[in-house]
Amino acid sequence: MKTVAPDLTQFTLTTDADGIATLQWDMPGKSMNVFTDTTMAELDAVIDHVAGDPALKGCVIVSGKPDSFSGGADIRMLDGIAERARENEKTLGADEANRLFFEESRRLSLLFRKLETCGKPFAAAINGVCLGGAFELALACHFRVVSDDPKTRVALPEIKIGIFPGAGGTQRVARLVATGDALLMMMKGEPLKPQAAQKLNLVHAVTPKAEIVERAKDWIKAGGSAAQPWDQDGFKLPSGPVYSKAGMMVWPAASAILRKETQDNYPAAKALLQSVYEGLQLPMDAALRVESRYFAHILKGQVAKAMIRTLFVSMQALNKGARRPIGEPATSISRIGVIGAGFMGAGIATVAALAGIDVVLIDRDQASADKGLASADKVMASRVAKGRATEAERAAFLVRITPTADFSALTDVDLVVEAVFEDPSVKAETIKKAEAAMPASAVFASNTSTLPITDLAHHFSRRSDFIGIHFFSPVDRMQLVEIIMGKETGPKALATAFDFVRLIGKTPIVVNDARGFFANRCVLNYLLEGHLMLHEGVPPAMIENAARMAGMPVGPLALTDEVAVDLIHKILKATKAALGPQAVDPVQEAMLTSMVESHGRFGRKNGKGFYEYPEGAPKRLWSGLSEFRTQALDPDSIDIRELKHRLLVTQALEAARSIEEGIVTDPREADVGAILGFGFAPYTGGPISMIDGLGPNRFVALCEALANQHGPRFLPNAQLRAMALKGERFYP
Amino acid sequence: MPDAFIYDHVRTPRGRGKPDGALHEVTALALAAVPLSALKTRNHLDPALVDDVVLGCVDPVGEAGGNIARAAALVAGYGIGVPGMQINRFCASGLDAINFASAQIMAGQQQMALAGGAESMSRVGIGASGGAWAADPAIAIPAYFMPQGISADLIATKYGFSRADVDAFAAESQKRAAKAWTEGHFAQSIEPIRDVNGLTLLNRDEHMRPETSLQSLGSLKPSFAAMAEQGGFGAVAIQAHPEIEFIDHVHHAGNSSGIVDGAAAVLLGSKEAGMAAGLKPRARIKAFANIGSDPALMLTGPVDVTKKLLKHAGMTIDDIDVFEVNEAFASVVLRFMQAFGVDPAKVNPNGGAIAMGHSLGATGAMILGTALDELERTGKTTALITLCIGAGMGTATIIERV
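Those protein sequences? They're chains V and Z, same order as listed.
This note's numbering puts the first residue of the first sequence at 1, with every later residue one more than the last.
This note's numbering puts the first residue of the second sequence at 1, with every later residue one more than the last.
Read the hints as simulated data drawn from the structure, not as lab findings.
Note that the structure is predicted; figures quoted are calculated from it, not measured.
Straight line, CA to CA, 20 Å or less: simulated SDA-like cross-link-like pairs of lysine to any residue:
1. V:619 - Z:245
2. V:619 - Z:229
3. V:619 - Z:225
Using the sequences and the accompanying hints, generate a full structural model.
Set out below in structure tokens:
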């Protein structure tokens with residue numbers, strides 16, 4: 001017997017001889033199921049149908065997609081609800097807008113609650129990825145079986161884009177899993193393998209892919225209960241009541257760890273914690289209302305808006321080719337040459353080979369090239385050790401990389417990337433030698449971080465096929481790549497570079513040629529500000545902590561050490577030589593000159609920099625830094641908020657200048673690039689989103705106040721001033 | 001404004017706050033009743049003169065819950081006419097009970113009251129009453145909640161007290177306490193704890209370790225380093241005071257206050273009430289104050305509240321002859337002395353809670369009594385009593401002999 005609930009467009013509902021319904025979710029025209037308004041309406045109708053038809057014993061929900069259950073709620077739909085609420089506020093007033101928004105933003109939560117209390121048992125049979133709202137649907141089902149397929153993963157990753165599980169996820173996870181583990185699972189948002197999910201008690205069974213539906217039906221046939229554990233008498237929370245001895249072992253530390261991990265910069269993380277804390281003290285319906293209130297509050301906030309835009313919408317658009325030249329045919333990149341087998345070159349070879357591309361890895365002699373291969377192997381060996389790759393994959397990987405000193409090996413490559421020493425004459429020689437050996441159809445890319453691409457292109461006869469592909473260190477871990485357009489770079493080179501970057505799974509931004517390109521300009525400003533604070537007498541630890549509290553991953557002094565003090569010193573000297581003495585800050589120059597020339601402190605690489613690196617112990621700030629301060633300020637007299645502002649504003653201002661100068665042409669690239677490239681405070685959505693979030697007028701006022709206090713480097717550029725006057729923003 | 005006078009005070013000896021402590025078999029109620037009963041007996045007090053009994057208790061749950069003051073007053077034989085109330089200002093509760101009762105007398109609304117505190121830490125347990133401050137993210141996060149020991153280590157790090165400094169202070173506390181006991185400085189004010197048959201269970205502070213030396217303290221491991229690391233509290237401390245690179249975890253069991261059971265009470269009254277009872281006042285409550293302070297440092301309230309109180313009383317630090325600054329942790333008292341530049345000889349001359357223990361709700365009343373006894377013993381006039389308080393508060397009281 002087949003019953004069809006009315007108007008199902010995304011689902012098929014069938015019933016077997018045992019009276020068990022199977023609801024197969026298969027959104028037409030989409031590679032992956034996502035929750036939309038239609039999904040919710042249809043699921044609602046199905047619940048009524050299953051609950052109301054006495055012939056039906058229960059229902060199994062399964063995906064019709066081969067490799068996935070569902071990606072969860074349509075993020076754009078969520079963002080749209082928030083946007084509508086902001087609009088409604090203007091027309092309906094705050095109270096009515098908030099009421100409507102609250103109702104709309106908890107529809108999914110109410111729908112799932114309806115499912116779990118409808119009186120019929122529901123089971124979720126999951127194969128492939130099951131994320132966010134989809135896993136929350138599964139959690140509302142009375143039984144969850146997942147396949148043991150290698151692609152199967154469950155996760156609640158909402159936190160990564162500034163929101164949190166708001167369709168009952170926080171309440172159900174916290175009622176299934178010990179509180180500490182539950183919080184960790186949702187705060188990290190990392191995907192769980194089937195066995196890990198079962199171990200946590202998030203799923204009931206793991207079976208082969210072909211058996212998931214049968215397993216779910218068996219559970220229904222065996223009399224599976226239509227009441228969730230938390231809706232039954234005598235239910236006990238997995239970690240006991242919040243206010244209990246056990247609870248006191250968890251809750252104080254939970255708040256502390258949240259502050260440790262987030263610096264209290266992420267409202268969603270705090271709301272998640274608060275929802276669990278309050279929810280565990282309430283019965284389910286009240287707990288869900290509490291969760292919904294916090295969810296609405298977060299969804300409407302500036303942080304969620306900025307993070308969703310940059311880390312979801314913009315990143316997806318850039319990855320899908322928003323900046324790839326239109327009409328340029330797809331390129332085929334099966335073999336590349338990498339010249340220079342040092343740290344960067346080996347890293348580039350590694351990521352290429354990982355993506356299945358053959359690599360000719362060239363250095364001045366065979367031994368140096370072999371060393372590059374060895375360091376590539378080290379990355380792979382650590383992947384094997386961590387269970388992220390097999391020995392067979394490692395062997396195949398090694399075969400893809402051919403270390404050699406012979407340029408003639410470049411005869412059949414599609415792309416050459418050079419990563420040789422940052423010296424114009426070394427680069428020139430390399431470019432010429434490569435051009436002589438490589439095919440006339442291949443594109444040449446330089447990984448330079450300091451030399452203008454337009455100048456380097458002069459050593460290459462086909463200037464339109466010359467481009468910059470600027471990787472960040474360490475290459476295998478850094479997600480961003482800057483593609484640098486020289487003055488004469490053509491669309492084919494851009495398309496090739498773009499396709500290559502996507503092949504190796506990284507996110508490209510396209511930047512026009514200028515000193516420091518985009519990312520390093522911002523970073524240099526950040527370092528400068530840290531150095532100047534040191535000079536003023538801010539305690540060194542306070543500089544570093546202020547930076548981390550502002551949301552930066554590494555303080556400016558530690559970052560100087562990581563990049564190398566002498567390298568920054570060299571960049572400063574080169575800038576001065578090229579642009580004149582006014583282009584560098586004399587205080588910083590004197591400080592770095594003293595560090596390098598008087599003290600031999602080059603950074604982490606020689607174990608001596610702004611930090612000391614004692615063996616077997618954590619690094620510690622060098623006590624000799626007191627030499628660089630003009631006075632010792634009383635830390636209690638220093639406004640930590642101002643330090644944080646300075647460290648972020650100096651970068652954001654540089655990003656705004658980069659846009660005005662046409663180096664970056666799309667605010668999305670500035671934002672995505674800053675977060676992926678140098679970890680710019682992700683909660684802001686990036687430097688341009690930070691300016692927009694404050695509003696250019698307030699940002700300009702902030703810059704001017706800082707300029708008054710700390711010097712003209714904070715003076716806003718003309719475009720920003722104009723935007724502030726006109727009330728314009730970077731984003732529509 | 002009428003004066004509030006101190007007519008008498010009594011405390012119990014302090015029993016080790018563990019199951020093997022001498023007072024573990026004594027209920028919180030029985031413990032609380034001891035000083036109340038002793039004050040009545042010693043002073044031949046007519047209960048009809050007593051308007052109220054105010055007792056501090058920091059974990060007022062279980063047997064210590066539901067207003068232990070009224071129950072203790074009844075058990076101590078004050079009859080149905082004497083009411084009772086329990087208050088909680090964490091570690092200053094015992095002192096604040098005195099301030100609270102004094103305020104009523106000074107306002108002319110009451111004539112005579114008993115005030116003090118009781119805490120059976122071995123039976124009820126520290127933290128037994130829970131509370132949002134530590135557990136609810138809505139306050140724990142903005143208030144930089146961390147366990148007090150980590151705050152104490154933060155104070156030491158911020159204000160530059162080394163492990164050697166705090167250990168030296170602890171050894172001195174033990175030395176002073178041992179001397180005070182040997183020379184009978186507490187003799188007048190201790191009421192031994194007896195069982196139903198009148199046999200003595202405890203007549204001396206049980207927590208003291210007079211043999212303590214710098215060497216023996218030096219061998220103790222820091223108590224709060226692991227908690228700071230694993231519980232995330234070290235990062236909380238640094239975010240609150242970001243000039244600090246690493247917390248120096250200097251505190252351990254030997255330089256922190258001991259966990260003990262105990263109770264104390266003070267007999268307070270107006271001039272007229274004292275005359276009616278045939279009693280001679282021993283001292284006057286001159287002034288008192290409370291304050292909120294940095295919740296992350298948490299235990300620097302004594303500095304802030306002392307400044308406030310001196311200003312309020314129109315006095316300077318030099319007007320004070322004797323200080324009792326509760327030794328919650330060594331760094332608390334070291335910071336107090338550093339902030340005011342006071343002579344260490346004037347501070348806790350008979351030792352403190354590091355040696356004798358800190359029975360949370362009772363300590364404020366105990367050290368007020370100790371200060372008064374010291375003034376009388378030395379013929380001096382004025383004492384300031386202050387305690388640091390959880391969540392960042394301070395309470396202080398100035399007494400003056402009459």
